[in-house]
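Enquirer: Protein chains in written order, with the working numbering: chain A, 13 to 257; chain B, 13 to 257; chain C, 61 to 574; chain D, 61 to 574.
Check before you lean on any hint, since a few could be wrong.
[Unchecked claim] The calculated lysine-lysine pairs, modelled on BS3-like cross-linking and capped at a C-alpha distance of 27 Å, are:
{"#": "1", "chain 1": "C", "residue 1": "Lys206", "chain 2": "A", "residue 2": "Lys65"}
{"#": "2", "chain 1": "A", "residue 1": "Lys145", "chain 2": "A", "residue 2": "Lys109"}
{"#": "3", "chain 1": "B", "residue 1": "Lys139", "chain 2": "D", "residue 2": "Lys551"}
{"#": "4", "chain 1": "B", "residue 1": "Lys14", "chain 2": "A", "residue 2": "Lys53"}
{"#": "5", "chain 1": "A", "residue 1": "Lys145", "chain 2": "C", "residue 2": "Lys544"}
{"#": "6", "chain 1": "B", "residue 1": "Lys41", "chain 2": "A", "residue 2": "Lys88"}
{"#": "7", "chain 1": "A", "residue 1": "Lys65", "chain 2": "D", "residue 2": "Lys434"}
{"#": "8", "chain 1": "B", "residue 1": "Lys139", "chain 2": "D", "residue 2": "Lys434"}
{"#": "9", "chain 1": "B", "residue 1": "Lys14", "chain 2": "A", "residue 2": "Lys65"}
{"#": "10", "chain 1": "A", "residue 1": "Lys154", "chain 2": "C", "residue 2": "Lys544"}
{"#": "11", "chain 1": "C", "residue 1": "Lys551", "chain 2": "B", "residue 2": "Lys41"}
{"#": "12", "chain 1": "A", "residue 1": "Lys65", "chain 2": "B", "residue 2": "Lys145"}
{"#": "13", "chain 1": "C", "residue 1": "Lys206", "chain 2": "A", "residue 2": "Lys154"}
{"#": "14", "chain 1": "B", "residue 1": "Lys53", "chain 2": "A", "residue 2": "Lys53"}
{"#": "15", "chain 1": "B", "residue 1": "Lys139", "chain 2": "A", "residue 2": "Lys53"}
{"#": "16", "chain 1": "A", "residue 1": "Lys65", "chain 2": "B", "residue 2": "Lys154"}
{"#": "17", "chain 1": "B", "residue 1": "Lys145", "chain 2": "A", "residue 2": "Lys41"}
{"#": "18", "chain 1": "B", "residue 1": "Lys175", "chain 2": "A", "residue 2": "Lys41"}
{"#": "19", "chain 1": "B", "residue 1": "Lys175", "chain 2": "B", "residue 2": "Lys139"}
{"#": "20", "chain 1": "A", "residue 1": "Lys88", "chain 2": "A", "residue 2": "Lys65"}
{"#": "21", "chain 1": "B", "residue 1": "Lys88", "chain 2": "A", "residue 2": "Lys88"}
{"#": "22", "chain 1": "D", "residue 1": "Lys62", "chain 2": "B", "residue 2": "Lys154"}
{"#": "23", "chain 1": "C", "residue 1": "Lys551", "chain 2": "A", "residue 2": "Lys175"}
{"#": "24", "chain 1": "B", "residue 1": "Lys154", "chain 2": "A", "residue 2": "Lys88"}
{"#": "25", "chain 1": "C", "residue 1": "Lys62", "chain 2": "D", "residue 2": "Lys62"}
{"#": "26", "chain 1": "C", "residue 1": "Lys434", "chain 2": "B", "residue 2": "Lys65"}
{"#": "27", "chain 1": "A", "residue 1": "Lys139", "chain 2": "C", "residue 2": "Lys544"}
{"#": "28", "chain 1": "A", "residue 1": "Lys139", "chain 2": "C", "residue 2": "Lys434"}
Think of the hints as simulated: they come from the structure by calculation, not from any bench.
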Amino acid sequence: MKTIVRPYGDTTGDGMTQVSFTLPIPHDKLAEGAALQLAAKMGLEPAMLVHAKQIGDGFTFFVVYGSVRHLVELDKVQVVQRDFDLLSAKEVNTIVKQRLRRKLSVVGACIGTDAHTVGIDAILNLKGIAGEKGLEYYRELKVLNMGAQVTVPELVAAARSEKADAVLVSQVVTQRDAHLHNTREMSAAFREAFPAGKRPLLIVGGPRFDEMMTQELGVDRIFGRGTTPREVASYLVHRVAREGR
Amino acid sequence: MKTIVRPYGDTTGDGMTQVSFTLPIPHDKLAEGAALQLAAKMGLEPAMLVHAKQIGDGFTFFVVYGSVRHLVELDKVQVVQRDFDLLSAKEVNTIVKQRLRRKLSVVGACIGTDAHTVGIDAILNLKGIAGEKGLEYYRELKVLNMGAQVTVPELVAAARSEKADAVLVSQVVTQRDAHLHNTREMSAAFREAFPAGKRPLLIVGGPRFDEMMTQELGVDRIFGRGTTPREVASYLVHRVAREGR
Amino acid sequence: MKLNLDPLAVSRARELARRAGQPVVDMARSHTTVSVERAVLRLAGITGADTDGIPWVNRLVDQVRDDVGLGHGVALPVFHALAEFGDLTLLAQKAAAGSVRFELPQGKDATAARKLAKRAVGQGIKTIDRNRAQRDRLVKRHGDPKQRPWIYLIVATGDIHEDIPQAQAAARAGADVIAVIRSTGQSLLDYVPEGATREGFAGTYATQENFRLMRAALDESSRELGRYVRLTNYASGLCMPEIATLAGLQRLDMMLNDSMYGILFRDINPIRTFVDQRFSRQIHARAGIIINTGEDNYLTTADAVEAAHTVTVSQLLNEFFAHEAGLQDWQLGIGHAFEINPDLPESFRLELAHALLARELFPDAPLKWMPPTKHMTGDVFRGNLLDGFFNLVGTLTGQGILLVGMMTEAVVTPWLSDRDIALQNVRYVLNACGGLHEDFVPAPGGFIQQRAHTVLNEAIDLLAEIVDDTLLNAIADGTFGIMKRPANRGKGLDGVAKHEPGYYNPATEILEAR
Amino acid sequence: MKLNLDPLAVSRARELARRAGQPVVDMARSHTTVSVERAVLRLAGITGADTDGIPWVNRLVDQVRDDVGLGHGVALPVFHALAEFGDLTLLAQKAAAGSVRFELPQGKDATAARKLAKRAVGQGIKTIDRNRAQRDRLVKRHGDPKQRPWIYLIVATGDIHEDIPQAQAAARAGADVIAVIRSTGQSLLDYVPEGATREGFAGTYATQENFRLMRAALDESSRELGRYVRLTNYASGLCMPEIATLAGLQRLDMMLNDSMYGILFRDINPIRTFVDQRFSRQIHARAGIIINTGEDNYLTTADAVEAAHTVTVSQLLNEFFAHEAGLQDWQLGIGHAFEINPDLPESFRLELAHALLARELFPDAPLKWMPPTKHMTGDVFRGNLLDGFFNLVGTLTGQGILLVGMMTEAVVTPWLSDRDIALQNVRYVLNACGGLHEDFVPAPGGFIQQRAHTVLNEAIDLLAEIVDDTLLNAIADGTFGIMKRPANRGKGLDGVAKHEPGYYNPATEILEAR
Ligand code: B12
Ligand code: B12
Ligand SMILES: Cc1ncc(COP(=O)(O)O)c(C=O)c1O
Ligand SMILES: Cc1ncc(COP(=O)(O)O)c(C=O)c1O
């Protein structure tokens with residue numbers, strides 16, 4: 013595969029890209045120039061301003077098409093690749109049994125004011141998602157799903173009483189970076205409450221996380237859009253059982 | 013007015029912007045990383061990859077939302093501002109009569125293989141557009157509308173025989189920069205066919221022109237999306253009659 | 061009537077809903093909650109909060125409860141104590157400082173306190189009545205929206221001062237109803253924050269001052285636009301009765317107010333919720349506020365085809381509870397939603413069937429039609445398309461209130477431009493297809509009619525089960541939205557008290573007087 | 061029948077169209093053109109071009125015309141000369157070099173030349189017949205699309221080697237018909253370019269080799285997808301008869317082929333066009349090719365409401381000309397479009413009325429339904445929405461072929477992703493609303509029926525005027541698309557010749573034999 017590519021409109025290498033945004037200025041020639049200036053700063057060259065519409069008194073919405081001059085360097089792309097094998101439920105159970113000789117304990121919750129439980133339920137509950145059963149289905153996993161709007165102290169307490177090997181936290185609301193604040197608060201509390209080697213694995217998930225941010229958020233792993241229970245189970249086994257916690 | 017602004021999602025200064033493009037690679041984690049890399053190069057930080065869909069075998073379409081870090085500097089925006097007064101038909105006629113003492117001769121056409129006449133007809137024909145009559149309506153203007161797919165030599169010949177004061181050319185098809193090629197060919201032919209001072213005004217128009225490109229294209233003025241006949245008539249009077257050609 | 065529903069089946073469904081709901085009403089009539097009591101004090105004119113932001117009404121009610129319990133209501137102890145302190149707020153401050161001990165007046169004292177309380181609360185109700193009259197006048201002056209459905213738009217910046225210009229822009233762009241959604245945390249707060257607020261998450265705090273500011277801004281817009289622009293907020297969560305009261309006091313026009321939403325989606329205790337519900341609905345009835353119920357939410361957790369009949373059941377229950385609380389049909393913005401998986405064959409016809417069923421079951425209610433959310437993705441182009449077909453169902457089936465869908469549903473809380481694009485979508489559909497309902501005639505015995513009949517029958521069967529098993533048990537079993545909520549669990553149960561003999565609530569007395 | 065049209069009005073409209081069209085047919089039968097004659101030579105097997113890219117057929121026809129004029133047809137002079145040179149291409153080369161002088165054979169020579177010519181042209185027609193049979197076999201093997209309308213997509217990169225993967229991707233994504241649109245310049249070229257081409261502007265040149273490459277690629281896709289994917293191109297412009305012939309020779313499946321498009325939108329001489337038209341339609345009839353007419357174009361220059369009846373008139377004329385040329389109803393992809401200003405109240409119902417009118421006037425024709433273009437803007441979100449409502453009309457009114465609209469209509473020739481988004485739009489609508497036509501019953505005497513009746517009556521009135529005034533004069537007056545095109549003006553008139561006595565065209569002889 014080529015290591016350098018560009019966006020594709022209808023011809024290889026044409027760089028064609030669509031952009032839309034609102035500027036807080038009324039619609040006139042200057043505003044259109046301003047939109048083109050922004051497009052140029054974003055690397056669109058030449059840029060075509062194809063739509064401009066004033067919203068209310070002081071805002072204008074723009075649609076711009078154009079060729080973006082940036083190159084995409086595939087060899088420099090940074091992503092979190094799956095660095096563990098995808099296992100079947102049977103394999104997961106076998107490994108837990110062999111290595112851990114007890115059930116692997118998982119505690120899950122939506123923390124903060126977030127009440128979007130569908131995502132964490134999809135991972136934890138029997139029903140699962142996309143045809144895959146959730147972690148409750150795995151015989152060797154012990155799952156406590158605490159539901160919505162759980163406070164960090166409640167979560168820490170439950171992790172302690174359940175002797176959790178892993179804590180799974182879901183965050184869906186991202187406005188004003190709520191998901192990042194809540195995650196940091198959570199990981200700090202766990203660092204405080206548990207001695208270094210004894211802390212459960214901290215896993216967060218939600219559709220708008222950047223999976224590269226584990227370090228910054230102080231967690232062990234981040235799962236994004238479209239995660240399936242099997243991926244999570246496989247990761248748990250990979251980390252908890254294999255590392256022989 | 014502030015001279016520095018940023019795109020507006022729902023909070024002043026949030027920089028929020030939407031981008032979509034296709035990369036010529038199949039959909040996988042790497043591709044999503046590649047899309048985010050491009051978004052970063054465009055200045056989106058943080059960027060959320062909210063949609064990825066494979067098209068056929070080897071392409072993936074992406075939608076990215078995020079905050080663009082660029083500032084829009086309104087005092088550095090470059091636009092072609094209208095540098096002439098908008099006149100009524102009566103005023104136009106009066107000025108032509110007084111200064112020129114003959115009718116002002118206008119020749120218009122779609123050149124090259126372009127057959128989109130609706131735009132030039134909107135400017136020239138009686139019917140006009142958006143409630144404004146076209147140049148034919150102006151008593152003191154003499155208009156020849158040559159229609160579609162006129163060759164440059166035909167246009168030069170007509171300009172000569174009509175003693176054109178201004179030549180109006182429309183270009184709508186832009187694929188592979190057809191409009192730029194055709195305009196350059198046209199202006200070169202006029203430079204060749206007429207001595208410097210005798211050349212008619214060269215005006216091009218069409219929805220996808222960059223109005224800043226007059227120099228590069230060798231024309232006197234460029235009119236873009238949504239031009240009205242009155243603007244064109246006012247400009248003609250401003251240039252031809254006032255400058256006393 | 062396009063569905064040819066069996067009138068006997070319809071009346072049987074209503075009768076079953078009455079029988080399922082009545083025990084809950086009986087329970088609500090014999091209990092009170094901290095928030096109901098605080099609402100009474102708010103009606104009596106107490107405002108403000110202490111330096112920690114805890115409202116004086118909370119301070120008072122907490123103190124009364126500590127001293128004499130909640131079961132008699134706070135009106136008598138408070139107004140008895142007032143005889144001594146003269147001013148309610150002063151009393152609250154003193155109480156907070158621990159320098160008042162409340163007691164339950166007896167005999168003549170009780171009569172005096174009752175009289176005082178009723179007069180004070182009567183003032184509050186009078187304000188509500190004046191606001192209602194004022195709304196009527198303004199509607200007459202500026203006019204109602206020219207079209208049905210009314211166009212309902214959400215603002216949600218978290219900052220009232222960003223919300224206001226956005227709401228005004230939305231109104232200018234065609235919104236008939238503005239809803240300011242609430243910060244994610246608020247529904248679980250057992251107090252109503254005070255003052256203008258600027259830091260909600262994914263929504264703005266509901267406060268009396270925010271209500272006032274926004275209503276004033278929309279009065280300005282109404283004048284500018286020659287059309288009365290309505291304001292909505294959320295009477296739900298632990299403070300539902302108080303929020304309803306503040307809405308009445310600040311002339312809000314609609315309130316989200318569902319009999320089960322808090323139970324199912326905020327894990328609030330069922331008994332707490334039903335008690336708070338009844339009081340808040342009585343206020344809404346008096347204030348001429350249109351309520352919006354929340355059946356749409358069930359379809360985000362349950363499947364919109366499988367669970368269609370649970371929506372119908374809930375609608376019938378909401379109707380019963382609403383009527384019982386004194387609401388008129390025109391005040392029932394009964395909810396339902398376009399949430400069927402769009403990849404399902406004939407999904408659009410199924411949507412039409414469900415929407416028409418609601419329309420024909422509740423012919424005089426201004427149904428509230430909610431847009432796709434669950435099956436929205438980051439593909440905003442597809443999203444805007446789905447919203448267009450949602451709008452089409454809205455106009456084809458005569459919905460009363462149309463919550464405008466956003467192409468960025470799966471991405472962010474709406475941007476200014478999202479709202480503009482969404483309104484343009486609505487305008488196109490209503491303008492281009494406004495009369496199309498004349499040509500929409502479900503084939504007799506065809507797909508749409510059959511589907512509607514099926515859903516109605518399933519609803520009747522489920523209602524019959526609920527009558528046998530009790531509504532509280534049905535809720536505990538996960539009947540609605542697959543959420544299991546037992547009656548002895550959930551937040552806020554400790555704020556509930558059974559009426560003691562002699563319980564007195566001047567607000568209820570006035571509200572139930574007619 | 062949903063419109064309740066008056067059968068007498070319908071038959072009167074048809075009769076008037078026949079009377080308006082007949083004089084033009086008579087004219088077409090008594091004239092020939094350079095392109096008709098070149099098509100004859102192509103059928104006889106001449107391919108290739110000189111080093112300047114001028115096809116040998118052009119060289120030959122030009123030489124024959126110089127030597128003996130065109131009025132007798134080129135078949136006799138050419139096949140007479142062939143007796144001497146043995147090989148057609150060799151003959152063309154010699155002719156180009158100026159070393160042949162053509163003459164009109166007489167008597168026995170004429171008979172011999174006629175026989176030779178007919179045999180050679182007969183070979184070409186046999187190839188066309190074989191292709192038709194082959195198509196039938198492939199359709200049987202792979203199957204037709206599962207749904208109506210068939211999904212029709214355009215590719216337009218200008219480069220056949222970019223077009224091919226895009227076409228295959230489109231087919232995989234659900235396209236049933238692929239149209240390769242042509243470079244802006246081609247229609248005014250008086251020759252057909254040769255070979256595979258890579259530099260069209262906003263379209264790819266129509267050449268025999270490009271046809272072959274694309275058909276082969278789509279045969280591959282058909283196998284892969286288990287569905288016969290059709291290929292379309294444009295039999296229009298100055299070389300219409302030849303393009304039609306090449307389409308037959310390379311097994312194209314549909315061709316844009318309108319009786320007036322070239323006149324109105326390419327300023328091609330009316331007489332040239334009508335003569336070329338008739339021949340090209342005879343070829344299409346023989347080849348089992350479905351033609352697509354171009355009434356949609358009128359609505360880009362004229363107003364779609366005001367000029368609605370001109371569309372109907374043109375459809376009736378196109379039908380008459382098509383039947384006269386031997387085309388069957390199943391081959392008539394009669395065109396119309398969703399081009400009403402979307403801001404007009406009830407615009408969607410007007411669209412439904414117009415689309416249904418076409419549907420009921422031509423019940424057996426696979427109508428071609430064209431998307432919004434004129435009122436598309438750079439607002440791509442709105443664009444995708446309009447396309448959705450266009451698709452909805454398509455399924456509600458039983459259109460046969462649906463040209464997929466692109467959200468970027470006002471911006472660029474379609475990008476790969478535009479096509480994917482557009483197909484997703486079509487799939488949603490067809491899947492979600494596939495059976496909705498059952499529930500769409502225009503109110504008797506209501507808006508939709510009335511509008512359809514009005515348009516039909518206006519069409520009848522206009523046809524009556526045209527019968528009185530002649531079609532050529534009507535065209536000169538700007539009746540269609542507001543374009544005024546006098547019969548003595550326009551491009552390509554010098555390529556027309558009146559038949560001389562003894563005019564011989566073996567192709568026409570074979571095509572009209574049955
Ligand atoms: C369903 C829903 C609701 C339901 C929630 C019901 C419930 N019990 O969960 C109801 C109706 C109650 C609701 C309410 C609100 N919602 Co809501 N809701 C949605 C909706 C439509 C779908 C979310 C969903 O269920 N997705 C399906 C699941 C399966 O996907 P997922 O969550 O991404 O989970 C997957 C992965 O992310 C991952 N994952 C997720 N968590 C975890 C955790 C771990 C450990 C792992 C390993 C993986 C993992 O795996 C999952 C399976 O693949 C979205 C819009 C949309 N279409 O996305 C809005 C949305 C999420 N809601 C939103 C908002 C703002 C609200 C409210 C705050 C509005 C208000 N102010 O009233 C309220 C309050 C809720 C609150 N306090 O949090 C916003 C959030 C905006 C933002 N980005 O900040 C959204 C995006 C809508 C919008 N555009 O405004 N909502
Ligand atoms: C109508 C139309 C046609 C009609 C044209 C009829 C006619 N007689 O003009 C028909 C159906 C024939 C047609 C055919 C084709 N079209 Co066309 N067509 C359009 C359409 C729908 C509208 C254009 C229009 O009339 N706009 C309205 C006028 C009033 O606006 P305007 O041209 O911008 O003019 C204004 C200003 O720009 C300015 N202006 C314009 N010219 C001038 C000149 C002067 C001197 C001045 C002062 C001002 C001025 O003032 C005008 C008034 O405000 C557009 C899509 C769209 N919605 O924009 C596609 C479009 C322009 N067509 C397109 C194409 C590719 C074609 C074809 C080449 C397709 C093909 N290969 O078959 C053919 C061939 C045409 C050819 N040889 O040029 C593409 C061009 C893509 C590109 N950017 O390169 C478009 C954008 C569609 C698309 N997305 O593919 N088309
Ligand atoms: C009926 C109902 N009530 C209330 C809310 C708001 O939730 P909260 O009470 O958490 O603000 C919603 C959410 O949309 C709702 O549908
Ligand atoms: C009927 C018809 N013929 C032909 C064409 C193509 O034009 P051209 O012949 O210039 O390629 C069109 C354009 O869409 C058309 O509608």
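Enquirer: Does each hint fit the structure? Answer for all of them.
Expert: Results of checking the hints against the structure:
1. C:Lys206 / A:Lys65: Distance of about 24 Å is within 27 Å: holds.
2. A:Lys145 / A:Lys109: Within the cut-off at roughly 19 Å; holds.
3. B:Lys139 / D:Lys551: With a Cα-Cα distance of about 26 Å, the restraint between lysine 139 (chain B) and lysine 551 (chain D) holds, given a limit of 27 Å.
4. B:Lys14 / A:Lys53: Holds, at about 19 Å.
5. A:Lys145 / C:Lys544: 20 Å, holds
6. B:Lys41 / A:Lys88: 13 Å, holds
7. A:Lys65 / D:Lys434: Holds - the C-alpha atoms of lysine 434 (chain D) and lysine 65 (chain A) are around 18 Å apart, at most 27 Å.
8. B:Lys139 / D:Lys434: Holds, at about 17 Å.
9. B:Lys14 / A:Lys65: 20 Å, holds
10. A:Lys154 / C:Lys544: Measuring from Cα to Cα gives roughly 20 Å; hence the hint holds.
11. C:Lys551 / B:Lys41: 41 Å, violated
12. A:Lys65 / B:Lys145: 25 Å, holds
13. C:Lys206 / A:Lys154: 58 Å, violated
14. B:Lys53 / A:Lys53: 10 Å, holds
15. B:Lys139 / A:Lys53: 41 Å, violated
16. A:Lys65 / B:Lys154: 36 Å, violated
17. B:Lys145 / A:Lys41: Holds - the C-alpha atoms of lysine 41 (chain A) and lysine 145 (chain B) are around 23 Å apart, at most 27 Å.
18. B:Lys175 / A:Lys41: Answer violated: lysine 175 (chain B) to lysine 41 (chain A) is near 34 Å, above 27 Å.
19. B:Lys175 / B:Lys139: It holds: about 25 Å lies between the C-alpha atoms, which stays within 27 Å.
20. A:Lys88 / A:Lys65: 38 Å, violated
21. B:Lys88 / A:Lys88: 34 Å, violated
22. D:Lys62 / B:Lys154: 53 Å, violated
23. C:Lys551 / A:Lys175: With Cα atoms ~26 Å apart, lysine 551 (chain C) and lysine 175 (chain A) stay inside 27 Å; holds.
24. B:Lys154 / A:Lys88: 62 Å, violated
25. C:Lys62 / D:Lys62: 18 Å, holds
26. C:Lys434 / B:Lys65: 18 Å, holds
27. A:Lys139 / C:Lys544: OK: lysine 139 (chain A) and lysine 544 (chain C) at ~15 Å, within 27 Å.
28. A:Lys139 / C:Lys434: 17 Å, holds
Hint compliance for this structure: hints 11, 13, 15, 16, 18, 20, 21, 22, 24 are not met, and every other hint is.
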